[in-house]
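Visitor: Chain residues, written in single-letter form:
Number of protein chains: 2
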Amino acid sequence: MAAPPSDFVIGFDADDTLWHNETIFEQTHGRYRALLARYHDAATVDRTLFATEMRNLELYGYGVKGFTLSAIETAIQLTAGKISADEIQQLIALGREMLAHPVVLLDGVAETLAELSPRHRLLLITKGDLRDQERKLAKSGLASHFRDVAILSEKNEATYADIFRRQAITAARFLMVGNSLKSDILPVLALGGAGAYVPYHLTWAAERVPEMPQAHGRLFQLKTLRELPAVVAKLGWS
Amino acid sequence: MAAPPSDFVIGFDADDTLWHNETIFEQTHGRYRALLARYHDAATVDRTLFATEMRNLELYGYGVKGFTLSAIETAIQLTAGKISADEIQQLIALGREMLAHPVVLLDGVAETLAELSPRHRLLLITKGDLRDQERKLAKSGLASHFRDVAILSEKNEATYADIFRRQAITAARFLMVGNSLKSDILPVLALGGAGAYVPYHLTWAAERVPEMPQAHGRLFQLKTLRELPAVVAKLGWS
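If you're matching them up, the sequences are chains A and B in order.
Quick note on our numbering: the first sequence kicks off at 101 and runs consecutively.
Quick note on our numbering: the second sequence kicks off at 101 and runs consecutively.
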C-alpha cells in the first residue's frame, strides 16, 4: 500500500532543469552571429545583443518573443540600418523555430519525478513566457506529476514568498530544485528553505552569480536529477 | 461592524473591463496603416495583419510582443521586402509605447471594487502576456482589492474549471465580469456560473461572437461597472 503523501513540497525549475533550453538559445546565437558576420565579429554581436536584452528585460520580461524583438533591434543597430527585410524575416523565423522546438528531457528526469510524485507534493515553478512554458510542459509528458504550476515573470524572494502563502507552504519544509543559483537557490535559502542545485553545462550570463552560497545542510549540489531521492532521504523527508 | 466575507466569488477580466486597452491597439493600428499607406489601402493592411495574428496565435499567444512580431512580419509581406530597417525600428518602438502606456481606469471601476472587496472574494482573471498584465495591475492601483490573480494563456471552459478547482470555487457561486462574451461570459455560463457582460465600445475581431447568449437569471448586461453592486444584490449575494 502506498504511503500517504507527506506535507513536504518540492519545487522544480523547468528550463535546463527538466529539459534542454539554453542549448537551443546557443544554436540560435550561432546562426545570429553568422547572419551578422559581414558586419561585426562574434564577440561584438554577443555583447551588443546581451546589452539590448538587459535594457529591454523590464519591459519585455523573459522568453523567446522578447529575445526575438531584441535580436531584430540589435541587428538594425549593428548594421546601421543596412539589414534587409529578408534577413529580419529570417530572425522572425529563428524565433518561431525556438518556440516550436521539441522538448528534450534531461537525464533521469522522467524516472525521478515518477518516483517522487506519489509521495510528495511537486510544484513546477518557472519563469518566462506563459504560452511557451505551458506548451513545453504539455510536450514534456511530465504535467501529471505536478500538483500545481506557477509561471512567474520573475523568481525572487518576493515571488517565492507569494507562492508559499498561496500554497500554504512552510519554507522549512520546501526544497527547490534548479540549475540557476540566482533564480532557484538563493531566494529559497534566504526564505529558510532548502536548495538542490543541478548545474546545466551552459548558464545564460544574466543568471550567473559570483560564488557558491553557503547554507550548511540546506544546500546540495547534484550532477543529475537521479541523485534527488537521496537528497530527499538525507533531509529526512522520505 | 463589517459583515464577514461571503463565500461568493467575483472574477474580473482586466483589459477593457477595468482599464482601457483596445483603444491603445486602435491608435497603434492607425499609425500602422499610415506607415504602410504608400503600399496598400487601410482595409488590406487590417485584413492581412489580422490574418497574420490569427496564424501566429497558437505559437505566440496574446499580448503586445506577439502583436509586434506579427506587425513586422505583415509589413515585410505587404511591402514585398521593401520596408526599411528604420521603419521596422518604428514598429518596435510602437510596441514598446504600448507596453509603457499609462493605465487609464474605466468609469466607476475604483469605487465599485472598493465597495465589493470587503464583502466578497474578488479575483482578477485575465489572459495575455504575464509581464504586461502584472505591470498594468501594479500601475492600476487596484491590486489590493484582489484576493488572487490568474493570468492565463487562454480563457475557456477548461481554464475556468481549473481555476474553480484550485481556488475551491463552486460554479453556482461564481460571477464573472467582463467585456468579452467569448472569453469572459460563455465559458462561465457553460460551467454553471453567472456572467456580468460590460461591453466596451471596441471589440477585437477575435473576441466577437455572432449573438448574445441566453441564460435566464444568470446573465446581466451592464453599461458600466457602477451597476455591478445591484447585480450582486439581485443574485442574493449581499
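Hints should not be assumed to be uniformly reliable.
Claimed, not checked - Computed Cβ-Cβ distance ranges for the label pairs, DEER-style:
| id | chain 1 | residue 1 | chain 2 | residue 2 | range |
| --- | --- | --- | --- | --- | --- |
| 1 | B | Phe150 | A | Tyr139 | 19 to 27 Å |
| 2 | A | Ala193 | B | Thr324 | 39 to 47 Å |
| 3 | A | Arg155 | B | Gly241 | 24 to 32 Å |
| 4 | B | His316 | A | Ser184 | 28 to 36 Å |
| 5 | B | Glu327 | A | Glu126 | 52 to 60 Å |
| 6 | A | Tyr139 | B | Asp248 | 20 to 28 Å |
| 7 | A | Pro313 | B | Tyr139 | 22 to 30 Å |
| 8 | A | Ala210 | B | Ala200 | 53 to 61 Å |
| 9 | A | Thr270 | B | Ser184 | 55 to 63 Å |
| 10 | A | Asp207 | B | Lys282 | 41 to 49 Å |
| 11 | B | Ala200 | A | Ala142 | 26 to 34 Å |
| 12 | A | Ala238 | B | Asp207 | 34 to 42 Å |
| 13 | B | Lys282 | A | Ala137 | 32 to 40 Å |
| 14 | B | Ala306 | A | Ala137 | 16 to 24 Å |
Stated by the list, open to error - Here are the simulated EDC-like cross-link-like pairs (lysine to aspartate or glutamate), alpha carbons at most 16 Å apart as the crow flies:
| id | chain 1 | residue 1 | chain 2 | residue 2 |
| --- | --- | --- | --- | --- |
| 15 | A | Lys282 | A | Asp248 |
| 16 | A | Lys282 | A | Glu311 |
| 17 | A | Lys239 | B | Glu158 |
| 18 | B | Lys282 | B | Glu311 |
| 19 | B | Lys323 | B | Asp207 |
| 20 | A | Lys182 | B | Glu187 |
| 21 | B | Lys282 | B | Glu257 |
| 22 | A | Lys323 | A | Asp186 |
| 23 | A | Lys282 | A | Glu257 |
| 24 | A | Lys282 | A | Glu327 |
| 25 | B | Lys239 | A | Asp186 |
| 26 | B | Lys282 | B | Glu327 |
| 27 | B | Lys182 | A | Glu307 |
| 28 | A | Lys182 | B | Asp186 |
| 29 | B | Lys282 | B | Asp248 |
| 30 | B | Lys182 | A | Asp207 |
What the hints assert, rightly or not - Negatives, chain A to chain B, calculated, CB over 12 Å:
| id | residue |
| --- | --- |
| 31 | Gly161 |
| 32 | Gly166 |
| 33 | Ile176 |
| 34 | Thr179 |
| 35 | Gly181 |
| 36 | Lys227 |
| 37 | Gly228 |
| 38 | Arg231 |
| 39 | Arg235 |
Honestly, the hints are just simulated from the structure, not real lab data.
Backbone N, C-alpha and C fix where the C-beta goes; we use that ideal spot for every residue, glycine too.
Visitor: Could you run down the list of hints and mark each one as holding or not?
Guide: We went through each hint and held it up to the structure:
no.: 1; hint: B/Phe150 <-> A/Tyr139: 19 to 27 Å; in the structure: violated, 35 Å
no.: 2; hint: A/Ala193 <-> B/Thr324: 39 to 47 Å; in the structure: holds, 45 Å
no.: 3; hint: A/Arg155 <-> B/Gly241: 24 to 32 Å; in the structure: holds, 27 Å
no.: 4; hint: B/His316 <-> A/Ser184: 28 to 36 Å; in the structure: violated, 60 Å
no.: 5; hint: B/Glu327 <-> A/Glu126: 52 to 60 Å; in the structure: holds, 55 Å
no.: 6; hint: A/Tyr139 <-> B/Asp248: 20 to 28 Å; in the structure: violated, 49 Å
no.: 7; hint: A/Pro313 <-> B/Tyr139: 22 to 30 Å; in the structure: violated, 56 Å
no.: 8; hint: A/Ala210 <-> B/Ala200: 53 to 61 Å; in the structure: violated, 42 Å
no.: 9; hint: A/Thr270 <-> B/Ser184: 55 to 63 Å; in the structure: holds, 58 Å
no.: 10; hint: A/Asp207 <-> B/Lys282: 41 to 49 Å; in the structure: holds, 43 Å
no.: 11; hint: B/Ala200 <-> A/Ala142: 26 to 34 Å; in the structure: holds, 32 Å
no.: 12; hint: A/Ala238 <-> B/Asp207: 34 to 42 Å; in the structure: holds, 40 Å
no.: 13; hint: B/Lys282 <-> A/Ala137: 32 to 40 Å; in the structure: violated, 47 Å
no.: 14; hint: B/Ala306 <-> A/Ala137: 16 to 24 Å; in the structure: violated, 40 Å
no.: 15; hint: A/Lys282 <-> A/Asp248; in the structure: violated, 22 Å
no.: 16; hint: A/Lys282 <-> A/Glu311; in the structure: holds, 10 Å
no.: 17; hint: A/Lys239 <-> B/Glu158; in the structure: holds, 14 Å
no.: 18; hint: B/Lys282 <-> B/Glu311; in the structure: holds, 10 Å
no.: 19; hint: B/Lys323 <-> B/Asp207; in the structure: holds, 10 Å
no.: 20; hint: A/Lys182 <-> B/Glu187; in the structure: holds, 12 Å
no.: 21; hint: B/Lys282 <-> B/Glu257; in the structure: holds, 11 Å
no.: 22; hint: A/Lys323 <-> A/Asp186; in the structure: violated, 43 Å
no.: 23; hint: A/Lys282 <-> A/Glu257; in the structure: holds, 11 Å
no.: 24; hint: A/Lys282 <-> A/Glu327; in the structure: violated, 21 Å
no.: 25; hint: B/Lys239 <-> A/Asp186; in the structure: violated, 38 Å
no.: 26; hint: B/Lys282 <-> B/Glu327; in the structure: violated, 21 Å
no.: 27; hint: B/Lys182 <-> A/Glu307; in the structure: violated, 39 Å
no.: 28; hint: A/Lys182 <-> B/Asp186; in the structure: holds, 9 Å
no.: 29; hint: B/Lys282 <-> B/Asp248; in the structure: violated, 22 Å
no.: 30; hint: B/Lys182 <-> A/Asp207; in the structure: violated, 47 Å
no.: 31; hint: Gly161; in the structure: violated, 3 Å
no.: 32; hint: Gly166; in the structure: violated, 6 Å
no.: 33; hint: Ile176; in the structure: violated, 5 Å
no.: 34; hint: Thr179; in the structure: violated, 7 Å
no.: 35; hint: Gly181; in the structure: violated, 4 Å
no.: 36; hint: Lys227; in the structure: violated, 9 Å
no.: 37; hint: Gly228; in the structure: violated, 8 Å
no.: 38; hint: Arg231; in the structure: violated, 3 Å
no.: 39; hint: Arg235; in the structure: violated, 8 Å
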